[in-house]
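Colleague: As a plain string of letters, each chain reads:
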Amino acid sequence: MTSTIPPGADAPPVEAAGRYFNGASARPHQVCLRLDGRFRVTGPGVARDWNPLDLRAADSMPPLMRVGPAHEPERVEFSDDALAAALAARCPDLHRRDEAGGVLRLVLWSVAAGLSVLLVAILGVPHLARLLVPLVPETVEARLGATVEPQVLRLLGSPPACTEASGRAALARLVARLAAAGQADGASPSDLAVSVRRQGTANAFALPGARVILLSGLIERAKAPDEVAAVLAHELGHVSARDPTRSLIRASGTSFLLSLILGDLTGSTMIVAIGQALLSAGYSREAERAADAHAVGLMARAGGNGAALADVLERISSDDDRRGTLDLLRTHPLTAERAAAIRALAGPEAPGRQILSAEDWAALKGICGPSP
Amino acid sequence: MDVETGRRAPHDAAVTFDPRLNGLTWLALKGALLSLVTFGIYRFWYVTDIRRFFWSRTAVDGSPAEYTGTGKELFLGFLVALAILVPVYLGLFALSFAAPALAPFSVVISFVTLFLLGQYAIYRGRRYRAMRTLWRGIRLGQDGSGLAYAARAGAWWLLVFLTFGVAFPFMRASLERYRINHTLVGTSRMTSTARGRSVLGPWLLFYVVALGPLIWLGLALLAAADFSLPTDLLVPRPGGKPGETILNPAYAGSNIGLIANTLLFATAVCIPAALLLIPFYRARETRAFMRAARLGGVRLASSLRARDFYWPYIVYGLSLLGIFLALGFVTGVMVFAAQNAGVSVIHWIVILAYLVGLPLFAVLYVRLVQARLWAAVATSTVVVNPEELAAVLASSRGAGSGLQEGLADALDVGGALQIGL
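Taken in sequence, the protein lines are chains S and X.
Start counting the first sequence at 1; every next residue gets the next number (our numbering).
Start counting the second sequence at 1; every next residue gets the next number (our numbering).
For the record, the hints were derived by calculation from the structure and aren't laboratory data.
By construction, the Cβ of each residue, glycine as well, lies at the ideal position given by its N, Cα and C atoms.
You can trust all of the hints, since none of them are fake.
Now the in silico label distances, taken between C-beta atoms and shown as ranges:
id	chain 1	residue 1	chain 2	residue 2	range
1	X	F93	S	D191	21 to 31 Å
2	X	G91	S	A146	18 to 28 Å
3	S	G352	X	I349	52 to 62 Å
4	S	E15	X	R152	51 to 61 Å
5	X	V333	S	R154	39 to 49 Å
6	X	R152	S	P63	38 to 48 Å
7	S	R154	X	V112	17 to 27 Å
8	X	A99	S	D191	17 to 27 Å
9	S	P62	X	S319	23 to 33 Å
10	X	L200	S	D191	53 to 63 Å
11	X	G296	S	A112	43 to 53 Å
12	S	A193	X	V333	48 to 58 Å
13	S	G124	X	F93	12 to 22 Å
14	X	V37	S	R285	29 to 39 Å
Far from chain X, by Cβ distances over 12 Å, these chain S residues were calculated:
id	residue
15	D54
16	L55
17	L94
18	L123
19	A193
20	A293
21	R315
Given only the sequences and the hints, what does the whole structure look like? Please build it.
Modeller: Listed below in structure tokens is the structure:
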């Protein structure tokens, strides 16, 4: 029966008065506490004899102290500094918590888990989106487009649609020519819907379900019909590569992952905000380059000037860049090499061609009616 | 201690809360910083530490409560909740595509689903906290069903909407009765006689402050216009967006114009003023519900004053103001210095402000708001007939599943600290 002898067992005994609770009832029992080699609790109808090594203290504010054997519901409460000090000296495990400790391990593992989720969000989700896009049926994509379009329009400040009849007819002829040119490589979507909205920003958007929105600011600033047509052809390039759907899947997947894992109360919200902003900043450079090439090819087959894409992008970039966050160049950053690549693809004789007649171009310019 | 303690009958027992908050600053600071580093995962351990802190400083009849929950349980519960929530979220997301006819209602469907799930989660979270609370070695508990609670809450909220909010105090009282009547201390069941009528007055004060002057001015406007409002009182703002209107300048000098202007001004003042009544209502409600709680022959008496609920928020608001002023000053100095040096520092300022501000706000919120509200409720409460507490017997049921609070955390309902279990 000789187990380990507690430290300080030979020290003088310490006594104090306290209250004993047997764990079965809330009735307090006035008891006398005595710590020598053992911890003895005695009073009317109570006689306990505990090994100090088994004692654990529950949280309490000094001078109140609360101890009991580990994993037992019995408790003793007392307010006596001498006994508290003696217990602290003789019970090495007094404040041991089964779950305490390991904060460093916790931190390292959660940092690792967080980095892994971030990597999945940054690298895995775009790749997954690329794999998933061919699996999305056209009908679902059309529905996606119908859901997304009102939201995008709301972000743009709900600009009104431009419906001047002659302008719409000119636009329809332009779209038909580009679509016919696209039919040659068999990549033109069946239900292409191009709309013009009255908005001062010079930009165009491709949405899922072959929806393209042109903002009237672009038509205003274009000097030739080929410039509008080239931007339209560029967006059609995104449409035929199904970039909008891919980007939608990627953005929702990433934000879903990040917000769900990081949850609330984290203080990591700023990291999420930065991450989402980074991740949703337009298409990748490769996607832009592919759309450029598509646009130039389309324009050439439709009998237009593909190099006009470089012209209009350069004009907008040389204009004041106080235009705000929705500018074409925010989503389609222009670099000198990109412009050079567009011109090289278009060839030297491209600038001589024009895609629309002068009457049609005038009609397209007036699609939004007289400016307010 | 305070006046109330001196006045209570000799055989009443006080509920005490140790006002020395030693160690709380460090706890909150550590929790905020580690949560930041660990992408928020440390919050489960932080919440556990905070609860242990508050529980162990709150004593009923001289014996402090004991919190036995662990961070690991909360974390596992959160992971399990994710397993439930991810399919729910995906299902809600897919619903608008699978059934286009439902698309216009998808926001409503999501809201109702997540609201009911949230109520269910709140009840389960409360069960977890009750079952991890010991007093004198006796475990608290909660029976009843989370689904029944969620159904009640859903039906009551519907009624609240249908009655323009008048049913709100009755809903609060009904849900409080459900919660308390299913709360157990050992084998003894708590009961509540909370009545909506008892807090109807403070609740109607919202209407008096927010709507009273508006209705009165509206009637005055009608009277001034001989009970036929001119149709051209509001005209579109010249050059403004569609839907933007201003008062017709033609009425500027008349009584009608004066009253209409006062009405617009009163709208801008009364609605925010009504928001300032929230702590008052909360204090009245807490007091009424505390007084309605029973445990056998034991009952609680509460002398909670509304100003005890205002002070924490006022002090917290003033400290925030001070911090923002200091931050603004530092930012101004740094921007000025940077402009002279010709470098852009704005990103660094934002990051610095975030790293300094976040832990600071966490500490201030815990110390100034949570601790003080908790202390206000605890120290204003007295246990009447505490000798009957001796009759409470421990129950033989186990501590229950440790996974029950995860859903509440994942849904962001129910805070780290619920004042009044």
